[in-house]
Amino acid sequence: MLNTTYENKVLTVFLSGEIDQHTSKNLRMEIDSQTESLRPETLCLDFDNVKFMDSSGIGLIMGRFRQMSLLGGRMKIVNLPENIKRVVYLSGIQTLGVIK
Amino acid sequence: MNTLNTMEIKFPSKSINEGFARSVVSSFILQLDPTINELTDIKTAVSEAVTNCIVHGYEDNAGIIYIKGEIREDNLIVFKIRDKGKGIPDIKKAMEPLFTTGGEERAGLGFAVMESFMDKVKVSSKEGKGTTVTLYKKIIRTNYEKP
Numbered sequence: 009m010l011n012t013t014y015e016n017k018v019l020t021v022f023l024s025g026e027i028d029q030h031t032s033k034n035l036r037m038e039i040d041s042q043t044e045s046l047r048p049e050t051l052c053l054d055f056d057n058v059k060f061m062d063s064s065g066i067g068l069i070m071g072r073f074r075q076m077s078l079l080g081g082r083m084k085i086v087n088l089p090e091n092i093k094r095v096v097y098l099s100g101i102q103t104l105g106v107i108k
Numbered sequence: 271m272n273t274l275n276t277m278e279i280k281f282p283s284k285s286i287n288e289g290f291a292r293s294v295v296s297s298f299i300l301q302l303d304p305t306i307n308e309l310t311d312i313k314t315a316v317s318e319a320v321t322n323c324i325v326h327g328y329e330d331n332a333g334i335i336y337i338k339g340e341i342r343e344d345n346l347i348v349f350k351i352r353d354k355g356k357g358i359p360d361i362k363k364a365m366e367p368l369f370t371t372g373g374e375e376r377a378g379l380g381f382a383v384m385e386s387f388m389d390k391v392k393v394s395s396k397e398g399k400g401t402t403v404t405l406y407k408k409i410i411r412t413n414y415e416k417p
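Same order as they appear, the protein sequences are chains B and V.
The opening residue of the first sequence carries number 9 in our numbering; numbering runs sequentially from there.
The opening residue of the second sequence carries number 271 in our numbering; numbering runs sequentially from there.
Quick caveat, the hints were computed from the structure, so don't treat them as lab data.
All values reported here derive from a predicted model rather than from experimental measurement.
Treat the hints with care, since some could be wrong.
[What the hints assert, rightly or not] Okay, derived cross-link-like pairs now, BS3-like style, lysine-lysine, Cα gap no bigger than 27 Å in a straight line: (1) V/Lys284 / V/Lys338; (2) B/Lys59 / V/Lys280; (3) B/Lys59 / V/Lys408; (4) V/Lys408 / V/Lys350; (5) V/Lys354 / B/Lys59; (6) B/Lys33 / V/Lys408.
Using the sequences plus the hints, can you model the full thing?
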């Protein structure tokens, strides 16, 4: 189950554990169902407790970025741990200006 | 070049086994006392290779994935990740960053991550027969004593 908060039209999702192709399927469905029902202005993905992420996580981030653009909202990423930064920066996601 | 230690596993191509594969390869290379970054790099590269077997090699159908690990002289780690799936028709194309046949939730970065995080990546594939990805990385910091 996802740990989330919704405050001032910001939906914050506290991701945790390992993000790979296996776990990203459920994360995608749960995040999309919440953004579709709440229609937040901003989707904030908090990576503080993420221990591992491979390129499936990049797909997850890019997919949610597209989803939020379609809904007319924004997305941001906070608390990226050091060991996950490398895979994120390799993807070029930082050029979208979503990493805070 | 002498091989100092080896391991082999095989497991069904279920996505839950991506985490299992990462745990096994981490445990194997811990004897070389890698840095956290080295460990993360290798885990991530292996995760990409195993995901490719599941998503592309077997296209989410049942199959077996084989991993063979070696520790060679000079702290060189070699992992071979193999499937007997459909194979890659055009390896050069498959290795291009952002190219994917996996749909829009896939970033197309699997091989780019492997190449960036490892010292060398070798891919051999035959259509209808399967694919073998070989990953090489030298561990710089080590306390490993020869057995």
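Hint check results:
{"no.": "1", "hint": "V/Lys284 / V/Lys338", "in the structure": "holds (18 Å)"}
{"no.": "2", "hint": "B/Lys59 / V/Lys280", "in the structure": "holds (25 Å)"}
{"no.": "3", "hint": "B/Lys59 / V/Lys408", "in the structure": "holds (23 Å)"}
{"no.": "4", "hint": "V/Lys408 / V/Lys350", "in the structure": "holds (15 Å)"}
{"no.": "5", "hint": "V/Lys354 / B/Lys59", "in the structure": "violated (31 Å)"}
{"no.": "6", "hint": "B/Lys33 / V/Lys408", "in the structure": "violated (33 Å)"}
Hint compliance for this structure: hints 5, 6 are not met, and every other hint is.
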